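A.B. asks: Listed below are the residues making up each chain.
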Amino acid sequence: MTATTYRTGADARISVEQWIRMYRRMVSIRRFEEQVNELYTRALMPGLAHLYIGEEAVAVGICEALRSDDYITSTHRGHGHCLAKGASPDRMFAELLGKEAGYCRGKGGSMHIADPATGNLGANAIVAGSMGIATGAAFSAKRLRTNRVVVCFFGEGALGQGVLYEVMNLAQLWKLPVIYVCENNLYNEYTHYSETTAGDILARATAFGLSAESVDGQDVRLVHEAAARLVEASRQGKGPAFLMCKTYRYHGHHVGDINREYYRSKQEEQGWKTERDPIQRLRDWLIKENLTDAASLDRIDSEAKTEIEKAVEFALAAPYPKPGEVDQDVYA
Amino acid sequence: MTATTYRTGADARISVEQWIRMYRRMVSIRRFEEQVNELYTRALMPGLAHLYIGEEAVAVGICEALRSDDYITSTHRGHGHCLAKGASPDRMFAELLGKEAGYCRGKGGSMHIADPATGNLGANAIVAGSMGIATGAAFSAKRLRTNRVVVCFFGEGALGQGVLYEVMNLAQLWKLPVIYVCENNLYNEYTHYSETTAGDILARATAFGLSAESVDGQDVRLVHEAAARLVEASRQGKGPAFLMCKTYRYHGHHVGDINREYYRSKQEEQGWKTERDPIQRLRDWLIKENLTDAASLDRIDSEAKTEIEKAVEFALAAPYPKPGEVDQDVYA
Amino acid sequence: MPEAVRELTFAQAVREALAEEMRRDERVCILGEDVAEAGTPFKVLSGLVEEFGKERVLDTPISEAGFTGLAVGAAMTGIRPVVDIMFGDFITLTMDQMVNQAAKVHYMSGGKWKVPMVMRTTLGATRRSAAQHSQSLHAWFSHVPGLKVILPSTPYDAKGLLKTAIRDENPCVFFEDKMMYKLRGPVPEEEYTIPLGKADVKRAGRDITIVATSSMVQVALGAATLLEESGISAEVIDPRTTWPLDEKTLIESAKKTSRAIVVDEGYVRYGVTAEIAAVISAGAFYNLDAPVKRIGAMHVPIPFSPPLEDLTVPTENVVFEAARELCAHA
Amino acid sequence: MPEAVRELTFAQAVREALAEEMRRDERVCILGEDVAEAGTPFKVLSGLVEEFGKERVLDTPISEAGFTGLAVGAAMTGIRPVVDIMFGDFITLTMDQMVNQAAKVHYMSGGKWKVPMVMRTTLGATRRSAAQHSQSLHAWFSHVPGLKVILPSTPYDAKGLLKTAIRDENPCVFFEDKMMYKLRGPVPEEEYTIPLGKADVKRAGRDITIVATSSMVQVALGAATLLEESGISAEVIDPRTTWPLDEKTLIESAKKTSRAIVVDEGYVRYGVTAEIAAVISAGAFYNLDAPVKRIGAMHVPIPFSPPLEDLTVPTENVVFEAARELCAHA
Ligand SMILES: Cc1ncc(C[n+]2csc(CCOP(=O)(O)OP(=O)(O)O)c2C)c(N)n1
Ligand SMILES: Cc1ncc(C[n+]2csc(CCOP(=O)(O)OP(=O)(O)O)c2C)c(N)n1
Ligand SMILES: [Mg+2]
Ligand SMILES: [Mg+2]
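Residue numbers (my numbering), protein chains in the order written: chain A, 1 to 332; chain B, 1 to 332; chain C, 1 to 330; chain D, 1 to 330.
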């Protein structure tokens, strides 16, 4: 693909600042996730985490199309969504380490980060667990006439859960402003999606009357263009939509999934990393189009690195919640 | 529609005896259900029942395409399926009255009739409750190489339940011999299906890779033709299929649903009864084609009436299970 | 309660609670199957769609998981949904939404998101509806931190407790015994609510404590009348909510009477009677003169056949006999 | 058990039980997410697909309700499925299939159809997996007639009980504490099975009875060692199955020792400890010197933060202290 094919109508409406912001966010997410891996490897993080590395363009391209008071729901692989919606890395790391300064006071951990301030209804450790929630938030948006839109992120594994079809039906019947974003990274944990997914994915949404499309999830510009269009339509009252983003996770299913060759080859991984990296792609394009230069982007890279390092330090130094916290907030 | 349009290739392969058998079965089901209503009205039947009157062509046309060792699963509106698969009316009435001679020793009642001898895996009072079971029976058929086919009957209301999509996916992935038969009688209890069903019903099945089609469920010949074809294909290893039968229940959702005008008009009911009655239609065609005469069909009618009356008498006279039965068969 | 108050049926009391709360707070919505024009198969909601419109009384597809999940998200974002699950047996389909989502959202988010929703559903057998339409599964939700579980036993309680539940900031499950919908009882015209977690002494007594829930309160009261004729004074206590549970009232009563029976229509094993019996056995340990007796549904799927079904549920007589036997103990 | 037997981990014992039963009976199949090449995330099933092939070890989509329902139908028609639900928290999605279908099919059909299936799943916290991956929800299934519920506490029991469950004609749910997979213990090479419904005295004692389930048996045994040092002789009893429940063994032990503690990793409220405490309180009423003490998970969603999470589960020390206190009573 050449640069010119990217120069769609939508592209033209995006300011340089926006592209730069998307670049910065993608880099931040990547640095963030590298640190998560590092924390795990150095046995500084309790439990596990599911890295978003490789999929950054999806969260960033989509959240860039949202207002800050729009809602998202997220998954077990949720750090990228949280950051893209505006969460700050320090409190996220604090959450991952179970510290009181974390977004959930350490009670949620990696798979449950939630933040009303950025419209994040929460990550969810149940595959498809947030679909009802997202659809319900869209119900509120419509009934309360807030003009908000909701994005429901989920992996292609969630296509196996019946509740998706139940809520797509509801959303379409009631014309709710929710976009179901399927992050198809080819694997349900350790099983290729072709072994678990019959028929045609987009048809599963159009059958319920949703408009559905598929996009190269490694290209933030295509993702953003599609998202902006669908979000806008939904905001105008056109009802729900379905967007499949074709993407890839570079790392294991979780940080402990090191030996992966029984389910996918190193070559396959290498191909995605070297040929379709979303950060590299945007970088190349920005430079090629003279929208910025390498030095500026390098500066962003190193700023991001510093920011993330500081955030980790903050979290490592932060205190655990006091024992008395344990039975607080069971009931509101 | 004229008679000639019915003379499809499939029709030609059906013997007169088969048509007569289908006629007899439809009449039996109708007489059976009329008696159920009568028993309810006379306060002789405990609880409620959901009458199949008006939908007879679906169960009969489909079960006629099955071997006796093929399996079916059924619903809360299940009497027609049971009878069409070969159950005898006396033990069914006994079940409806909670008598020991019933198919389930009185423990199941109207909504739970099951009978291994006729391949009936059971009616089910959970909407969509039998979909997993039907798919599992198809799994057994495939693994045990019995060459059996399974028919899963359900109302269009069950399209709302996610488990349908879960099992269609599984059935298609594993090429299981199961036919999902959607009896679309327009209503989920008291709500028109258009208020609960977005998009396109057949597309919900084709999206998962199933072949899907729709048929006039008031015409036993069309139903049977489609069923025979789909069952045969499934038996040959072609995997699952979906068949929607457009039909109508003449009576209320259950025997106690008398005042229905707030959800459907008397006119609508009258239209279906007078213009599309499945028994009348087959009768007219059989006579018109000279396959039999009115007198012979009248004889069948009165035989059916007598059979059903006797069956009711049997059931009314039959004893209840002994109290000691109550905690038997909780565990095998 | 003032004297000479109006009488309502249990169903009317539920409906009135909903109507009043919907008038008071326009964020309150009802979601469920056949809840609008049909007003549910039990006609509990008749008339509400006429007053509040289809935007607030919504017929759903037959998607218990889907619309319960939708209610969770709606509750988090400003709506106060009341979800109708037609039969308590169908909560099986909502367990993930209620237990993994609704019950945990507040805690997992460190107290940031709230889920002010109510699930209304049924319990109770003897309607000749067989095993999939007769269960009393409230013990499951009672086991789960984050949920509140409410079991009204009278029209008065139904109205007052439901209003409180709708105003509560937490997910509440409200179980109505479907055989009680026609039960009549006094319900004052004036506004009132009833706090969650406060047991109610439905009848005071000296010799034995009968703790009963939902329609079993009526059974217990009937037994208490029979016992009175035998010279035994029974105290009938209705916990009203299984969570929060008003342990103190139960224990104090048992300490006073020194004997206790627990009656609940769910299964005895690992059910509500187990918890309450364990609480009383431990709390009134030094005062009990006899083991706490548990009475509940027979441990079988509910059979259809009427003579069998009737054997599976507690009756006045069973409670009466059990109480007499207990009182025969030193 | 013979002496000098081979040691296996808990995971190996489970795997061996499956392999043996799959060799013995080719109708036995395994269904679940990532069960084939991946051998589950816990690697419990490693190697089985290699031996038995993809026809008998089937990777499913992420459709817990769908494949559990499929297993019910397969079990009715000649297959003996073993369903793998990766985390016990996900049984929420299978409740309709297990409770409204599997548990009731035999009874509702008047004894005609049978559902010989096994669901294997996990329980247990402290893996830093937070509220949706740490629950111990076995009380729910224990409450439901028609199901059998198995909680192995050692590799030996895991193997013997799982083999029995696979041969059982009823739906059985088999809960494995995920934190025990690496626990080693003796497992003889020779074929053996263990009956369901028979409690096992894991340690004999005189002064106090500790009834414990699953990994809490290990906790109880640890506490018993500490108690011994304090001069208290504790009897540790493992019911092994919560249904059927071997009441007799529990009651006899409590009668003998006159004191009892029940330890289970589920929530205390309306949970397994409630039933067992109620059974012992009533059954050993005239012999108990102190109230039965219940110990279980704190009544909160399981928090992620390690110092908090550790507060929510019973430890040796908590059991030890509780026992000491009970023994201080007359
Ligand atoms: C209901 C449920 N079933 C199973 C799991 C275990 N699990 C966690 S992630 C995962 C795979 C999810 O795959 P996908 O949706 O494609 O997301 P990805 O990990 O690829 O981002 C599974 C099976 C779960 N968390 N919830
Ligand atoms: C899970 C579940 N939800 C709700 C019900 C209550 N219910 C019984 S029949 C029915 C409508 C079913 O409609 P449909 O599937 O079209 O079948 P029909 O009655 O028209 O034959 C409903 C909602 C139920 N039995 N199970
Ligand atoms: Mg994936
Ligand atoms: Mg219908």
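I should point out that these hints are in silico values taken from the structure, not numbers from a laboratory.
Watch out, some of these pointers could steer you wrong.
Unchecked claim - Taking lysine-lysine and the PhoX-like style, the derived pairs with C-alpha atoms no more than 20 Å apart in a straight line are: (1) K54(D) with K43(D); (2) K248(C) with K293(D); (3) K255(D) with K293(C); (4) K248(C) with K202(C); (5) K293(C) with K293(D); (6) K182(D) with K43(D); (7) K54(C) with K175(A); (8) K163(D) with K198(D); (9) K175(B) with K54(D); (10) K175(B) with K238(B); (11) K255(C) with K293(D); (12) K256(C) with K198(C); (13) K238(A) with K175(A); (14) K293(C) with K54(D); (15) K43(C) with K182(C); (16) K273(A) with K246(A); (17) K114(C) with K198(C).
Note that the coordinates shown come from a computational prediction; the quantities given were computed from them, not determined experimentally.
A.B. asks: Each hint needs a verdict: does it hold in this structure or not?
C.D. replies: For each hint, the structure was consulted:
{"no.": "1", "hint": "K54(D) with K43(D)", "result": "17 Å, holds"}
{"no.": "2", "hint": "K248(C) with K293(D)", "result": "17 Å, holds"}
{"no.": "3", "hint": "K255(D) with K293(C)", "result": "18 Å, holds"}
{"no.": "4", "hint": "K248(C) with K202(C)", "result": "16 Å, holds"}
{"no.": "5", "hint": "K293(C) with K293(D)", "result": "19 Å, holds"}
{"no.": "6", "hint": "K182(D) with K43(D)", "result": "11 Å, holds"}
{"no.": "7", "hint": "K54(C) with K175(A)", "result": "14 Å, holds"}
{"no.": "8", "hint": "K163(D) with K198(D)", "result": "15 Å, holds"}
{"no.": "9", "hint": "K175(B) with K54(D)", "result": "14 Å, holds"}
{"no.": "10", "hint": "K175(B) with K238(B)", "result": "7 Å, holds"}
{"no.": "11", "hint": "K255(C) with K293(D)", "result": "18 Å, holds"}
{"no.": "12", "hint": "K256(C) with K198(C)", "result": "19 Å, holds"}
{"no.": "13", "hint": "K238(A) with K175(A)", "result": "7 Å, holds"}
{"no.": "14", "hint": "K293(C) with K54(D)", "result": "52 Å, violated"}
{"no.": "15", "hint": "K43(C) with K182(C)", "result": "11 Å, holds"}
{"no.": "16", "hint": "K273(A) with K246(A)", "result": "14 Å, holds"}
{"no.": "17", "hint": "K114(C) with K198(C)", "result": "23 Å, violated"}
This entry does not satisfy hints 14 and 17, going by the numbered hints stated previously.
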